[in-house]
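All chains, full assembly: derive it from the sequences and hints.
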Amino acid sequence: MTVTYTHEVADCRGFGNFWRLLFRWKGSVYKLVWPDLFMYTLLYYGCSAVYRYALNEDDKRIFEKISRYCAYYSDLIPISFVLGFYVSIVIGRWWQQYQTLPWPDSLALFISTSISGQDNRGRLMRRTIMRYINLAYTITLTMITPRVKKRFPTIDHLVDAGFMTANEKKIFDGISERTPHSIHFVPLVWAGSVVARARKENRIKDDFAVKTIIDEINNIRAKCGGLLSYDWISIPLVYTQVVTLAVYSFFLSTIMGRQFLDPKQKYPYNDIDFYFPVFNFLQFFFYMGWLKVAESLVNPFGEDDDDFEVNWLVDRNFTISYLIVDEMHNEHPELIQDIYWE
Amino acid sequence: MTVTYTHEVADCRGFGNFWRLLFRWKGSVYKLVWPDLFMYTLLYYGCSAVYRYALNEDDKRIFEKISRYCAYYSDLIPISFVLGFYVSIVIGRWWQQYQTLPWPDSLALFISTSISGQDNRGRLMRRTIMRYINLAYTITLTMITPRVKKRFPTIDHLVDAGFMTANEKKIFDGISERTPHSIHFVPLVWAGSVVARARKENRIKDDFAVKTIIDEINNIRAKCGGLLSYDWISIPLVYTQVVTLAVYSFFLSTIMGRQFLDPKQKYPYNDIDFYFPVFNFLQFFFYMGWLKVAESLVNPFGEDDDDFEVNWLVDRNFTISYLIVDEMHNEHPELIQDIYWE
Amino acid sequence: MTVTYTHEVADCRGFGNFWRLLFRWKGSVYKLVWPDLFMYTLLYYGCSAVYRYALNEDDKRIFEKISRYCAYYSDLIPISFVLGFYVSIVIGRWWQQYQTLPWPDSLALFISTSISGQDNRGRLMRRTIMRYINLAYTITLTMITPRVKKRFPTIDHLVDAGFMTANEKKIFDGISERTPHSIHFVPLVWAGSVVARARKENRIKDDFAVKTIIDEINNIRAKCGGLLSYDWISIPLVYTQVVTLAVYSFFLSTIMGRQFLDPKQKYPYNDIDFYFPVFNFLQFFFYMGWLKVAESLVNPFGEDDDDFEVNWLVDRNFTISYLIVDEMHNEHPELIQDIYWE
Amino acid sequence: MTVTYTHEVADCRGFGNFWRLLFRWKGSVYKLVWPDLFMYTLLYYGCSAVYRYALNEDDKRIFEKISRYCAYYSDLIPISFVLGFYVSIVIGRWWQQYQTLPWPDSLALFISTSISGQDNRGRLMRRTIMRYINLAYTITLTMITPRVKKRFPTIDHLVDAGFMTANEKKIFDGISERTPHSIHFVPLVWAGSVVARARKENRIKDDFAVKTIIDEINNIRAKCGGLLSYDWISIPLVYTQVVTLAVYSFFLSTIMGRQFLDPKQKYPYNDIDFYFPVFNFLQFFFYMGWLKVAESLVNPFGEDDDDFEVNWLVDRNFTISYLIVDEMHNEHPELIQDIYWE
Amino acid sequence: MTVTYTHEVADCRGFGNFWRLLFRWKGSVYKLVWPDLFMYTLLYYGCSAVYRYALNEDDKRIFEKISRYCAYYSDLIPISFVLGFYVSIVIGRWWQQYQTLPWPDSLALFISTSISGQDNRGRLMRRTIMRYINLAYTITLTMITPRVKKRFPTIDHLVDAGFMTANEKKIFDGISERTPHSIHFVPLVWAGSVVARARKENRIKDDFAVKTIIDEINNIRAKCGGLLSYDWISIPLVYTQVVTLAVYSFFLSTIMGRQFLDPKQKYPYNDIDFYFPVFNFLQFFFYMGWLKVAESLVNPFGEDDDDFEVNWLVDRNFTISYLIVDEMHNEHPELIQDIYWE
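Chains as they are written, first to last, in our numbering: chain D, 806 to 1147; chain C, 806 to 1147; chain W, 806 to 1147; chain R, 806 to 1147; chain L, 806 to 1147.
One should not assume that every hint holds.
Stated by the list, open to error - List time: in silico BS3-like cross-link candidates among lysine-lysine, alpha-carbon distance up to 30 Å:
1) 954/R to 870/D
2) 1016/W to 974/W
3) 1069/L to 1071/W
What the hints assert, rightly or not - Here's a subset of chain C near chain D, in silico, CB distances under 10 Å, partners left out:
4) 828
5) 830
6) 833
7) 870
8) 949
9) 972
10) 1000
11) 1055
12) 1060
13) 1104
14) 1127
15) 1135
16) 1136
17) 1137
18) 1138
19) 1139
Stated by the list, open to error - To be clear about the criterion: a stretch of chain W counts as covered by chain L if any three or more of its residues have a C-beta under 8 Å from a C-beta of chain L, and this derived list gives those stretches:
20) 932 to 943
21) 984 to 997
22) 1070 to 1080
23) 1128 to 1138
None of these hints come from the bench; they were simulated from the model.
On a predicted model such as this, the values are computed, not experimentally measured, just so you know.
Even glycine gets a Cβ: it sits at the ideal position worked out from N, Cα and C.
As structure tokens, then:
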């Protein structure tokens, strides 16, 4: 589920609100980072124990030299820079993907205004067009999101859910057999032909309305295609690997490089042995958390806390579509004068 | 209220104008940062007092080692980089949200030009369409801004304010009961149906005007939806936490790390004891102020000095809408030759 | 006036052209920075004189310690980073504001093509629509730019300049009294009604042309509204203050921190006393100039060298509008075969 | 072929998924970097061998001095910064190019809805328009992608593949002879004229549909032109050279600068001789990998693992176009009530 | 001429292709930088010679101190950061300018489809509209590009080239005398009136086509205006000066700061005298090359290797325009069944 905290940070008073966000668990950096941190802590104290208890004095000297070597060179890996650029790209794509999600509301509004008639055939046409739109959208979502895929593993499940009729499934399967390519857009073609029929039967009064509706259907088709594009063309693997390599190798090197060395050896900044390398763990939280921002947003259609609630969307769209084009189609208030009328 | 200073910085003469802005209080960094600064100062001088008066010489040496350790490692937290990227994203969203605010002026202009008639029914239609638009907008705002929510806590308050009639409320509540989803857009559907009726009664002369008006109503619907999206999908919590953690942990570490140590111990850059760590506080102002930029803009619909004046907007939109479609509808100047006519 | 140098840098040959730009005064960094530089120099040499001539040896030692402390910590203020991000935002807004300036040329072209008739009434309609457009634009500009405000301090000045008739002013004032809100868009509503009248009189032959013209009028309204938005919603004051504080405090600290200390004290990089701290002044030019980029662009409607020439724009738009819709309306060349006709 | 890994990173649980991506070969940084790394390793150990076995003691001292000089100055080359900016530009263009690829689906939908008739002439018109669109697109692709060029080296190959008829080729060649400029858009002009004919024969019922179709044909033309623009106007060579020079010269200098020097000479951070400079190779992977991101994306129409699958696209577009406008043109489901009908 | 290298970098195999680009001269960084480099080398070795041969020992010590002072402080000028931001802005504008170049192809396609008739008057109208479009475009280009200005220094040259008739020139001059403002758009107004005449003569069959054509003419007008805007509003001079100052002063300081000092003086990193400061020259190439990227792109209409080939564009546009609307107007292939027809 999406993690919303906008209302908690509406005002910036007193100490502000950001510090309060630090105590949330759901969708938090702690939840994402803790397994890595746990493993990191194990490795760190493992090395530390070897140094403190297992090595003899000569080996300790060698250990110290390796540690100082790691400490020096690990700082040469400029991960903050590459993370900054990479996360910017990921967040940019994440928001673009959200904006690529189509909403059937506009089309419902157009159809409610344009296709008249309270008889069964009028209602049927309005409902069917909206059903086709939502069907195409839902099929698209099954192709890109595990959540919706889990809910509708096959076309049959869509039929069971009432999103498709048995007859439609037969035709859909027929087309599907003829081509290896994805045919998620087929219900949109059907919707277009229902619109054409409605015009022929003069339920749609003018060509303008037809154009508006067809343009909007096409807009939804373009957005479904856009979603598939984001799914198909990932951020180049090389870039992701480069960033991941940088972060992981940095932390592997700090396992050796940030060990507390024997203060008696007088290495700089090793005057004192804290046993717990607090800044090390802070840095781990910081950089690993930054990488996890990318990791949880790179595919916003998964089941992370921060991912989009696509199943909710599917239900909402069906409900609202039917509501606008059918249920509230006739319940419009009368025109009466407002209280400021003079 | 929005803090406007554009006119004060129109020209860049002499010493420029930016330094003058430093002496403003409203919407200033001082106003946002002072509670944090106060707490920080308390902690800093608390530690300082312990070091100076409470510790014996041996403990002082340990204190100094801890201090130097903190000073060294706190510089490893690259907060300026992560703040730069994060604040860029926040400011980008902040301005996009402003641009997502719909303005009813265009629609009023279209309606004033297209729906003719000075009789009551003509006026009623024009006023009602505009009222529905503003109503939908206001309902949307109650969902995202505490200020407007406070003004109209329930639908009844909208009725009292004259934005909705009792009959409309009944229908609205009826629809509301049928679905758990937000139905802020319902008045827009009503507006669409009034337009359709006006066309049927031939008050709108051509299909073009209908299309223009319906497109604009839909545009306003899309913008209301956009505002809800920004409200629903926050900047990922992980990112905000990472940035906040970085800034807070940096300053916690400087509380120890920037203490003035006994000059006699000859630590580098501790030759002299100023008692007041001026650069430390400057840095605090700087980084904490940068974070507060994010904190006050992350939700621009709150009650911060820099937030958008949404209640003013609601009033302005109603007034201007009625003005254009009704009050000034007939007061158009005659066509007379301008003075450059030759 | 806008400073144009594009033609001087058309080619990049020999030593290139950028170095030549260093010798320009108008709109230059020197012109913007010199008062600050002057003040900075005074303070620097004031401190220097105190150190060299007024202090005894012991005080000199203290001065030196303060100086080295300032030198060390001033480097911790990462102004280049925050300046980079801030100036990017300012330049982004500056160019967007330029692009938000509406141009009446398109509308004039539409009107010239659509509203036919060389009789007085046809000319009158065409001229009046264009006059209203330019009037609304000019009223908008008086609200945001000191230059145009100076030229037209009141509506009466617009009447005197022939942009408005006395009758129109009366109606405008009447509307103005009824609402506290800005009514700069009123002439656009008038223009819309003239278009509607022209259609009714069949001077505009088809509904398409009406739609095109009304859409363009609305586009201009949106752009005027956009200009007011940029004026109303400044870059958050906090951000500007944070950047200004960073730059000013950095330079205040370098006044102490970059003093030439007695070479005999063997402080590092103080081997030699140049009296003139050339790098210091270069850095001042550099950072302060960068800040001045922001300062002169943050409001591009002022009277800086680099600001937009709005008064020129007002005149240009009136002249060109009348030229297209009236003066050249009939002087179209005959259709004759071009020389490549075969 | 495009490397898709979106589904593998849908969720961020446990240790996340990014580390798993490190073990992929196809499209990986290892596959791109290994030849360079091999060469680098050879050079590194060559120098190392010379130092260890070939030089006498005096020469070793000189070698060490050179090495330390290289180590010091190589760090002055700020490649991470320039790489960050350059790769951002390359990735921006890469995604824009993907979005510039036209898709014939919208047009097919429009044509299926607008051009009626199941007789041969209706089918012929619909199929021919789509064939012309895909033909123009394919010709454009032969001009910019080696893969499609290889498949269709000449116009004759297009005729053989059934994308063009012999008669069309004759006309195409005739036009081609008259001008040295690219005439890839000619089939689009033909498509336009088929649309005009269909309107004249009243197969297209209204002018709106004509406008929609012509606008879409023009949209595809614009996108083909856009693809050619990206091909014609590369990222300025200077920029690419500057970045490449920086990376290569950095690594050339590290070959000398990161040699393990004799620990006995007590150079800092040379306490121990590891023989294998692990951080050096990590840095190589990191920076060279970052450059390879740019190198493989700068032309996304090549045969890299991450490049767009253009031949697949050509086939898919032909198949889907025919499917929509012909094969499924009549197989639309009947209107029947959905299961939620009440 | 534009430097295209996209095809050479289609694939990233073996050692990749970027290193090959280093050996190109045309449009290369070497070609742009060598005069500066030559001058820099002269100054460097001049100083070096003075130090080595002209100074006595005491002066050498002073020289060394100055050198070390320069070396230390020159590193405080953060040019990579300011260059990164500045070049990003320049490259952004460069590509936007390319995209602002109008292409007459769409209009030609619309006109070929809409204006029927193979008689002389039909051909004349089609050709004349296209000629006017290209004329306006060419006049715009003479105002912003030295290359086209050189080719058509006066309107008479346009008449000689057959782009304008003598009669048209007379009218154009007449209008030109009445206003001091640029009237490059006048031929577009003429084109609009030819379209209106074609509609009146019923050569254009419907109002839709008129709207489409007028919209496209207006689009071209907007793009011509956009080109003039980029010419008129340069990147603020202050910014360019700040960047240039930073780069030049950095290199002036390195002339002193990077001299090889007498190794006997034991200055750090001066253990050895190479005579040739290889890293210095690499850095020069790098930073100066980066600045030259900006310098050659800041005005892409000059005669640099990387500038747009505007004269080629003018010819191409005329040829293709005539080709589409006249020469190939009737040579459309017959409708015959494709080979996949079943």
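These are the hints, each one checked on the structure:
1. Only pairs whose Cα atoms come within 30 Å are accepted, and residue 954/R paired with residue 870/D is rejected, the gap being roughly 58 Å.
2. Simply put, residue 1016/W and residue 974/W have alpha-carbon atoms about 28 Å apart, close enough for the 30 Å limit, and the pair holds.
3. The straight-line distance between the Cα atoms of residue 1069/L and residue 1071/W is roughly 20 Å, inside the 30 Å bound, and the hint therefore holds.
4. A cut of 10 Å between beta carbons decides the hint on residue 828/C: the least distance to chain D is about 21 Å, and the hint is violated.
5. The restraint placing residue 830/C at the interface with chain D is violated, with a minimum CB-CB distance near 15 Å, outside the 10 Å limit.
6. A cut of 10 Å between beta carbons decides the hint on residue 833/C: the least distance to chain D is about 12 Å, and the hint is violated.
7. For residue 870/C, the shortest C-beta to C-beta distance to chain D is roughly 4 Å, which falls under 10 Å, so the interface hint holds.
8. About 8 Å separates the beta-carbon of residue 949/C from the nearest beta-carbon of chain D, less than 10 Å, and the hint is met.
9. Using the Cβ-Cβ criterion of 10 Å, the hint placing residue 972/C at the interface with chain D is satisfied: the shortest such distance is roughly 5 Å.
10. About 7 Å separates the beta-carbon of residue 1000/C from the nearest beta-carbon of chain D, less than 10 Å, and the hint is met.
11. With its C-beta approaching chain D no nearer than about 9 Å, residue 1055/C sits inside the 10 Å limit, and its interface hint holds.
12. For residue 1060/C, the interface hint is violated, the least distance from its beta-carbon to any beta-carbon of chain D being 13 Å, above 10 Å.
13. Interface restraint check for residue 1104/C: the shortest CB-CB distance to chain D comes to about 5 Å, inside 10 Å, so the restraint holds.
14. Proximity of residue 1127/C to chain D holds as hinted, the smallest CB-CB distance being about 7 Å (cut-off 10 Å).
15. A least Cβ separation of about 15 Å between residue 1135/C and chain D goes past the 10 Å threshold, and the interface hint is therefore violated.
16. The restraint placing residue 1136/C at the interface with chain D is violated, with a minimum CB-CB distance near 15 Å, outside the 10 Å limit.
17. For the restraint placing residue 1137/C at the interface with chain D, the shortest Cβ-Cβ distance is roughly 20 Å, beyond the 10 Å limit, so the hint is violated.
18. Nearest Cβ of chain D to the Cβ of residue 1138/C: about 23 Å, over the 10 Å cut. The hint is violated.
19. Proximity of residue 1139/C to chain D is violated relative to the hint, the smallest CB-CB distance being about 26 Å (cut-off 10 Å).
20. Counting residues of the region 932 to 943 of chain W whose C-beta lies closer than 8 Å to any C-beta of chain L gives 0; at least three are required, and the coverage claim is violated.
21. For the region 984 to 997 of chain W, the assignment as covered by chain L is violated, since 0 residues bring a beta-carbon within under 8 Å of that chain's beta-carbons and 3 are needed.
22. Only residues whose beta carbon comes within less than 8 Å of a beta carbon in chain L count, and the region 1070 to 1080 of chain W has 4; three or more means the coverage holds.
23. Given as covered by chain L, the region 1128 to 1138 of chain W passes the check, having 7 residues with a CB less than 8 Å from a CB of that chain where 3 are the minimum.
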